[in-house]
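**Student:** So you can see what is in the structure, the chains are spelled out below.
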Amino acid sequence: MVGIDWREQQQGVIDYIRSRGYFVVDSEPTREIMTQHARVALVKRDELGYNAVRTPMDLPIAKEVIRAVENARGDVVLLPTMGGSVPLGAMERAAQTHTITMPIANYDDNQHTANENLRLKICGTVWERWLRCWRWNNHLESPIMDRVRCVLSAFVLTAGAASQIGHAPVALQSCSVPGVDRSARCGAIEVLENPDQPRSRKLEIHFAVISATKGHARPDPIVPLLGGPGEAAIETGQMFVERLAPMLNDRDLLLVDQRGAGQSGALRCHFFTPDDPVESLQNLFPPACVESCAKGLATHADLTQYSYRRFADDLEKVRRTLGYGPLNLFAGSYGTRAAQVFVRAYPSSVRTIYLGSVVPIDIAQPLPFAKAAQSTLDRTLAACDADPACHSAFPRVRDEFSQIMEGLASGRVFVKVPGHEGTVALSQGRVAEWFRSLLYRPSSAAGLPWLIDRASKGDWAPIVKGILEDERDADSGLSLGLLLSITCSDDVPFVHQEEVAAATRNTFLADWRLRQQEAACKLWPHSIAPASDREIHTKIPTMFVSGDFDGGTPLWFTRHAAPSFQNRVEVIMSNRGHTEWAPCIETLYQRFLDQGSVYGLDASACSHLSRPPFKTE
Amino acid sequence: MMLAQLLAGMKNENGHVLVPDFYDGIQPLSTAEKAALAQAPVNDQMLMNSFWLGHVKGNGKHLLELINEPSLNVNGFASGQIERTQRMSFRQLQRQIWTCGLWLALTGVNNSRV
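Residue numbers (our numbering), protein chains in the order written: chain Z, 1 to 617; chain X, 618 to 731.
Derived from the structure by calculation, the hints contain no laboratory data.
There's no promise every hint is true.
Some, not all, of what chain X presents toward chain Z, calculated at C-beta under 8 Å [unchecked claim]: (1) 638; (2) 654; (3) 659; (4) 662; (5) 666.
Computed list of chain Z residues with no C-beta within reach of chain X, every gap over 12 Å [claimed, not checked]: (6) 9; (7) 76; (8) 190; (9) 219; (10) 275; (11) 317; (12) 407; (13) 500; (14) 527; (15) 563.
As a list, the in silico PhoX-like pairs of lysine-lysine whose alpha-carbon atoms are at most 25 Å apart [said to hold, decoys possible]: (16) 628(X) / 44(Z); (17) 416(Z) / 465(Z); (18) 539(Z) / 44(Z); (19) 63(Z) / 678(X); (20) 63(Z) / 202(Z).
Ideal placement from N, C-alpha and C gives every residue a C-beta, glycine not left out.
Assemble the whole structure, with the sequences as input and the hints as a guide.
**Tutor:** This is the structure:
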């Protein structure tokens with residue numbers, strides 16, 4: 001009912017249950033809870049509620065609609081809009097206008113039952129005739145209400161003349177997105193760094209809109225959500241323009257730099273020193289650099305405020321400012337976390353979700369890294385054995401791998417580093433972590449047998465070069481401070497120490513990466529995200545795309561996350577890894593976007609892809 | 618049985634919701650809306666005939682009035698024994714998850730979707 005807040009209404013019922021002597025919980029009660037309370041009630045709130053709306057019947061536009069329908073078919077039954085579950089509230093917010101419905105239901109309201117008596121052909125006819133009636137205000141010959149057994153529950157004419165609900169418009173300026181030759185418009189909104197403190201520092205959230213090619217954009221743009229954490233959307237725009245080209249004919253691409261990344265107050269840290277790269281061969285997060293970066297950033301940023309939850313609020317503000325309807329979230333890797341948090345916070349602002357290489361919201365990283373990498377290494381080496389060219393080039397690759405790992409572990413591997421006199425000890429953990437990063441995709445893992453072979457023969461130069469290059473790229477491409485702000489509050493505190501031994505035993509990475517990150521988080525100001533934020537349940541259509549050779553986000557991540565998404569398709573790409581793309585995905589995604597549902601999408605469409613060849617020389 | 622009692626306590630015999638403050642804050646209908654409702658055809662008797670109903674709740678108010686009041690519906694009710702015996706048993710009900718159609722708070726007759 002208009003005037004009632006749905007959350008308060010839910011709370012009222014929960015309070016009532018409490019008043020009847022129940023101990024109320026929101027998740028499966030533990031044994032302690034069950035034994036300590038006489039009455040326990042498990043109450044799960046449906047988070048997809050919304051408030052009712054009502055369009056005043058005496059609006060000029062409402063009177064016009066009434067006149068048009070009366071002209072078409074005589075007397076009309078007028079009823080106050082009831083709410084509600086069409087859902088009109090969501091439509092009003094999306095279109096920023098009022099709604100008037102013309103229901104064509106059976107007299108018995110059969111559209112509320114399992115059998116809606118829906119006859120598509122008649123629905124189509126009625127649709128068309130109503131449209132004609134609306135457009136030309138013509139007389140209609142056909143009887144509609146009395147004969148037609150069509151139960152298209154309601155269609156909604158958004159009455160554009162009605163009052164605007166949205167935020168103040170923002171000034172957009174034409175701009176260019178790196179590598180994109182299409183025109184773009186850029187702008188920024190101002191938000192509070194800490195919205196709980198009105199006098200908090202202000203942040204600018206920058207965004208770029210690449211308009212639909214055909215000029216007339218649908219109200220639902222595609223919004224890439226980047227990984228890292230710490231990647232920036234605007235500077236990566238080119239990749240999305242290329243991948244999503246066919247989908248951008250009639251949809252805008254909305255690139256929003258997450259707070260703390262790109263143009264939105266990037267939290268940059270420099271862990272790589274070109275003049276003295278030795279530290280980068282020892283540590284992923286060199287403690288001295290982490291500490292000094294935290295100190296430097298803390299002079300102008302509250303590092304505890306750069307969470308996905310805050311970003312969700314920012315993104316929703318951008319959406320409303322630009323007057324967009326529900327978004328098509330296009331998320332990859334850690335960006336899938338951002339998507340999940342946004343969906344939790346603003347379910348009615350999302351039309352579809354694409355989750356590429358999902359990171360489950362309730363699996364604390366980087367604990368699973370060691371096993372995921374080990375299993376992908378085993379399968380990569382098995383693929384090398386099975387590949388005649390690879391096998392004949394590196395018949396002893398497994399022994400060589402053990403040999404180099406033992407050498408590194410003994411601390412006896414000394415290498416020359418460009419710009420550094422003498423030799424430097426190479427850390428086993430750092431090399432293992434770099435190998436792990438290669439295992440994210442078969443295309444990069446294809447060089448692994450060759451690298452192992454070279455190192456076993458004493459040539460460590462390719463590995464040293466690779467580590468330093470990647471470190472330099474991460475330094476310039478990622479906001480490493482954002483990476484720490486997010487993972488130190490959302491992940492590392494949730495790693496259970498008693499699980500570490502089992503999760504890292506018999507793996508080449510062991511607990512090195514975890515301990516590095518834990519040490520960095522000790523030096524990084526962070527809050528601990530509420531545990532309740534680590535759940536999600538949604539009916540929004542979701543397309544999962546995962547690779548079956550992904551050393552970063554293994555397939556069990558998808559299997560674990562998927563059940564929380566009731567309307568989903570799980571597409572698995574064969575012989576592909578992390579956040580990859582292929583023509584078969586393009587076709588599926590286009591259809592998914594067009595229809596706004598997973599109906600009829602073939603989850604096996606990408607199971608024919610073959611492995612890229614191994615590097616043998 | 619506990620769940621049944623708990624849920625049953627939420628409404629009286631006439632379908633009036635007993636949860637405190639449940640009806641508070643409703644925005645009243647405007648004059649035009651009240652006039653439209655007064656003019657709308659009342660087909661309650663026809664619906665009762667077609668659904669074989671000898672009695673409906675609402676203390677004599679007709680459907681169009683009731684539909685403009687909030688309601689609280691129990692959408693379903695299940696217990697651990699149903700699948701096995703096809704019979705109702707309420708032994709395990711104190712831990713049953715239940716949902717109400719209250720995010721809608723709309724109707725007296727139907728379920729949650731339009």
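**Student:** Against each hint, give a clear statement of whether it holds in the structure.
**Tutor:** Here is how each hint holds up against the structure:
1. The criterion of a C-beta within 8 Å of any C-beta in chain Z is met by residue 638(X), whose closest approach is roughly 6 Å, and the hint holds.
2. The closest approach between the C-beta of residue 654(X) and any C-beta of chain Z is roughly 7 Å, which is under the 8 Å cut-off, so the hint is satisfied.
3. A least Cβ separation of about 11 Å between residue 659(X) and chain Z goes past the 8 Å threshold, and the interface hint is therefore violated.
4. Because the smallest distance between the Cβ of residue 662(X) and any Cβ of chain Z comes to about 13 Å, over 8 Å, the interface hint for this residue is violated.
5. Because the beta carbon of residue 666(X) sits about 11 Å from the nearest beta carbon in chain Z, more than 8 Å, this interface hint is broken.
6. The claim that residue 9(Z) is not at the interface with chain X is violated, since a C-beta of that chain comes within 12 Å of its own (minimum 6 Å).
7. At roughly 10 Å, the least C-beta separation between residue 76(Z) and chain X is not larger than 12 Å, which violates its mark as non-interface.
8. Listed as outside the interface, residue 190(Z) is consistent with that label: its C-beta sits roughly 33 Å from the nearest C-beta of chain X, beyond the 12 Å cut-off.
9. Here residue 219(Z) stays apart from chain X, with its beta-carbon at least about 22 Å from theirs, past the 12 Å limit.
10. With a cut of 12 Å on Cβ distances, residue 275(Z) stays outside the contact zone with chain X, its closest approach being about 61 Å.
11. For residue 317(Z), the condition that its CB be more than 12 Å from all CB atoms of chain X holds, with the nearest at approximately 25 Å.
12. Chain X leaves residue 407(Z) outside its interface by the beta-carbon criterion, the shortest separation being 57 Å against a cut-off of 12 Å.
13. Separation of residue 500(Z) from chain X is adequate, the least Cβ-Cβ distance of about 33 Å exceeding the 12 Å criterion.
14. With a cut of 12 Å on Cβ distances, residue 527(Z) stays outside the contact zone with chain X, its closest approach being about 31 Å.
15. The Cβ of residue 563(Z) lies farther than 12 Å from every Cβ of chain X, with a closest approach of about 16 Å, so its non-interface assignment holds.
16. About 20 Å separates the Cα atoms of residue 628(X) and residue 44(Z), which keeps this hinted pair within 25 Å; it holds.
17. Distance check on the hinted pair: residue 416(Z) and residue 465(Z) sit about 10 Å apart at the alpha-carbon level, within 25 Å; holds.
18. About 15 Å separates the Cα atoms of residue 539(Z) and residue 44(Z), which keeps this hinted pair within 25 Å; it holds.
19. The hinted pair formed by residue 63(Z) and residue 678(X) fails the criterion: a straight-line CA distance of about 29 Å is larger than 25 Å.
20. Distance hint between residue 63(Z) and residue 202(Z) is unfulfilled; the C-alpha atoms sit about 45 Å from each other, more than 25 Å.
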